[in-house]
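Given only the sequences and the hints, what does the whole structure look like? Please build it.
Read top to bottom, the protein sequences are chains Z and A. The first sequence lines up with residues 1 to 114 when you count with my numbering. The second sequence lines up with residues 1001 to 1116 when you count with my numbering.
Careful, some of the hints might be misleading.
What the hints assert, rightly or not - These stretches of chain Z come out as covered by chain A in the derived footprint (C-beta under 8 Å, 3 or more residues):
{"hint": "1", "stretch": "34-45"}
{"hint": "2", "stretch": "55-69"}
What the hints assert, rightly or not - Pairs of lysine to aspartate or glutamate, EDC-like flavour, derived with a Cα cap of 16 Å:
{"hint": "3", "chain 1": "A", "residue 1": "Lys1042", "chain 2": "Z", "residue 2": "Asp8"}
{"hint": "4", "chain 1": "A", "residue 1": "Lys1104", "chain 2": "Z", "residue 2": "Asp95"}
{"hint": "5", "chain 1": "A", "residue 1": "Lys1042", "chain 2": "Z", "residue 2": "Glu88"}
{"hint": "6", "chain 1": "Z", "residue 1": "Lys113", "chain 2": "Z", "residue 2": "Asp85"}
{"hint": "7", "chain 1": "A", "residue 1": "Lys1042", "chain 2": "A", "residue 2": "Glu1068"}
Said to hold, decoys possible - Simulated restraints on C-beta separations:
{"hint": "8", "chain 1": "Z", "residue 1": "Ala114", "chain 2": "A", "residue 2": "Asn1052", "range": "50 to 60 Å"}
{"hint": "9", "chain 1": "A", "residue 1": "Ser1009", "chain 2": "Z", "residue 2": "Ile9", "range": "38 to 48 Å"}
{"hint": "10", "chain 1": "A", "residue 1": "Pro1070", "chain 2": "Z", "residue 2": "Gly41", "range": "26 to 36 Å"}
No lab work stands behind these hints, which were simulated from the structure alone. Virtual Cβ for every residue (Gly too), placed ideally from N, Cα, C.
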Amino acid sequence: AQSVTQPDIHITVSEGASLELRCNYSYGATPYLFWYVQSPGQGLQLLLKYFSGDTLVQGIKGFEAEFKRSQSSFNLRKPSVHWSDAAEYFCAVGDYTGGFKTIFGAGTRLFVKA
Amino acid sequence: EPEVTQTPSHQVTQMGQEVILRCVPISNHLYFYWYRQILGQKVEFLVSFYNNEISEKSEIFDDQFSVERPDGSNFTLKIRSTKLEDSAMYFCASSRGQGAANEKLFFGSGTQLSVL
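Written out as structure tokens, the structure reads:
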């Protein structure tokens, strides 16, 4: 079955430091992969997505993610974190069995310290 | 950017009561979804809806749940007899087309349901 694993429940980084959030997926075919962000009291906002082509994907707010098929990973990165980036981040895979639905990871809570 | 609107933002109910969670998807969207997130757990797919019928549903979406698009703008999730374990954040989502390739899934800000 399709699944997404985010091994880090929470991460703390200093403002201005670089960030990498880990994501591993399990999917039989070429995956459609997503990163979403959820700020407190807000819905889920799409940061970026990968379907095919260039394995390095650029998203909004300065985020990028790299698809590595050999490692079944889709890690999210940002070179310099801002305090406003503190939020919950969800990696997800698109599942086309049956209709279409999104399978989410458990999320990683990002804390940013001054 | 267009938004998916959910009301209410918080709903408190007694166990065994019926609740209706409301969503207004983006106006030109055709596919609608409900997801839920129990505190501290994953966001889970509940149901997808297209052309006035359910396209797919998860194991969670049992006979106590139903969805409806009553008037062409609203998309509702009804829980007939709530249980304590139904307490969760419920997210509505919509997309113009099905599938991830060329479509963006827009999520609402959620309704926090608390069953006492």
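For Z/Ala114 and A/Asn1052, compare the CB-CB distance with the range 50 to 60 Å and indicate the outcome.
holds, 52 Å
Does A/Lys1042 pair with Z/Asp8 here, judged by a C-alpha cut-off of 16 Å?
holds, 13 Å
Check whether the Cα positions of Z/Lys113 and Z/Asp85 lie no farther apart than 16 Å.
holds, 11 Å
8 Å C-beta criterion, at least three residues: is the stretch 55-69 of chain Z covered by chain A:
Violated - the stretch 55-69 of chain Z has 0 residues with a Cβ nearer than 8 Å to chain A, which falls short of three.
For the stretch 34-45 of chain Z, do three or more residues have a beta carbon lying closer than 8 Å to a beta carbon of chain A?
holds (count 7)
A/Lys1042 paired with A/Glu1068 [C-alpha distance capped at 16 Å]
At roughly 25 Å apart (the allowed maximum being 16 Å), A/Glu1068 and A/Lys1042 break the hint.
Range agreement (Cβ of Z/Gly41 with Cβ of A/Pro1070, hint 26 to 36 Å):
holds, 27 Å
Hint consistency between A/Lys1042 and Z/Glu88 [alpha-carbon to alpha-carbon, up to 16 Å]:
holds, 11 Å
Are A/Ser1009 and Z/Ile9 spaced within 38 to 48 Å by their CB atoms?
violated, 26 Å
Run the distance test for A/Lys1104 versus Z/Asp95: straight-line Cα separation, threshold 16 Å.
holds, 14 Å
The structure does not agree with the numbered hints 2, 7 and 9 stated previously, though it agrees with the rest.
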